[in-house]
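Enquirer: Once you've looked at the hints, dock chain B against the given chain A.
Protein chains in written order, with my numbering: chain A, 1 to 260; chain B, 1 to 93.
Honestly, I wouldn't trust all of these hints.
[Said to hold, decoys possible] For each label pair, taking beta carbons as the anchor points, the in silico distance ranges come out as:
1) B:Y36 <-> A:L32: 36 to 42 angstroms
2) A:E103 <-> B:R43: 17 to 23 angstroms
3) A:A99 <-> B:S2: 23 to 29 angstroms
4) A:R100 <-> B:G49: 34 to 40 angstroms
5) A:I136 <-> B:T39: 33 to 39 angstroms
6) A:D35 <-> B:R69: 35 to 41 angstroms
7) B:G37 <-> A:E240: 47 to 53 angstroms
8) A:E102 <-> B:L44: 36 to 42 angstroms
9) B:S80 <-> A:E102: 45 to 51 angstroms
No lab work stands behind these hints: they were computed from the structure.
Backbone N, C-alpha and C fix where the C-beta goes; we use that ideal spot for every residue, glycine too.
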Amino acid sequence: MSHVVFEPEKCPDKAARVWAGMREIARRIHSLDPDLLIIATNDHLNNFTLALQAPFIVGVADEYTPLGDMGIPKSPFPGSREFADGFVRFAAGAGFDVARAEEIAPDHGLAFPNLVVNPGGRVPVLPFYINVANDIPPTPARVWALGGVLREFITRERVAAERVVVLGAGGLSHWLCEPEQGRVNEAFDRMVIGKIVSGRGCELAGLTSDEIRRDAGRSGLEVMHWIFAAATVPHARGEEIFYEPMPEWITGMGGIALTP
Amino acid sequence: MSPAPYRVHRLIQDLNRDPRLVVRFENEAEAVFEQYGITDAERLLLREGTPRALMALGVHPNLQMKFLRIRRAAGVGGPSPLASYLRDLEQGR
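Extracted from the complex, chain A is given alone in its bound form:
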């Protein structure tokens, strides 16, 4: 689902539907009683600056305190070092060298969805960063493949009783601080949602990063997080929980649910 909201005044009806959709996703996640919440998202050059850019970064710390941007409370929440380290090792054996991060103050990209779906920080969180802020982002094909590696890790290496929810947080189309800012490409957004909820998310792996930038804006590369989450349940069907094209918020806002 999208990883931010804005003031409701300009579009109260749409904002209410978006918020209700986010709360519905929170309700569904809560009802699954997960042991771990993996949030696939991006940092907005707060933790991982242009001084050093890595394509994939996993948070391995025991605890995280949000950065506090956008007024998000700086309430600490637990991580899962044991799961995170295990996944990084497993991924290395599967051809993905994923960076490990100890010191992350998650910005809104992670902290906001976590606040909504994991109130009180009751469920440990694995921050999984896909670095779409990088001028040279990972390809959707690599993102899809790494989502498959996470699925393999969970099915092969973890106890069967462990309950893991993967939340892809970000998107949809938006041209933040680009000349087209304010444009929303509803057709692209609906295409992404339609493919994933119909079990055809793998087709998105065939897109190039440049195609996503063209059709969804540079910031629209955040749909990579949706692609990653879909890859962990590759043929699952699901449903659209909400979608609103919102030029008032300069973005398409959406949320879906998939169940393996």
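Expert: Only chain B this time, still in chain A's reference frame:
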């Protein structure tokens, strides 16, 4: 559009994480520009500090947001855009 040179991005990144640099930038921008090797053409656009100028300079969108925020209120924002939602979450607990 080509990306801005790293010296420009480095300046904005440092402003984003160093409140003392923000104060210094407010009081002696030229010295800070000099320290980071910012050219005259870049200074003009950064002094203008509008979205148009930052786009023309090729500043990364995430860093444009930070520079605009710093320029607007020296890091002291207005009410959070999330305020009403945060209240709702609090009440829903």
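Enquirer: Hints first: check each against the structure and report whether it holds.
Expert: Consistency of the hints with the structure:
no., hint, in the structure
1, B:Y36 <-> A:L32: 36 to 42 angstroms, "violated (49 angstroms)"
2, A:E103 <-> B:R43: 17 to 23 angstroms, "violated (33 angstroms)"
3, A:A99 <-> B:S2: 23 to 29 angstroms, "holds (27 angstroms)"
4, A:R100 <-> B:G49: 34 to 40 angstroms, "holds (37 angstroms)"
5, A:I136 <-> B:T39: 33 to 39 angstroms, "violated (25 angstroms)"
6, A:D35 <-> B:R69: 35 to 41 angstroms, "holds (38 angstroms)"
7, B:G37 <-> A:E240: 47 to 53 angstroms, "holds (50 angstroms)"
8, A:E102 <-> B:L44: 36 to 42 angstroms, "holds (41 angstroms)"
9, B:S80 <-> A:E102: 45 to 51 angstroms, "violated (28 angstroms)"
Against the hints set out earlier in the document, violations occur for numbers 1, 2, 5, 9.
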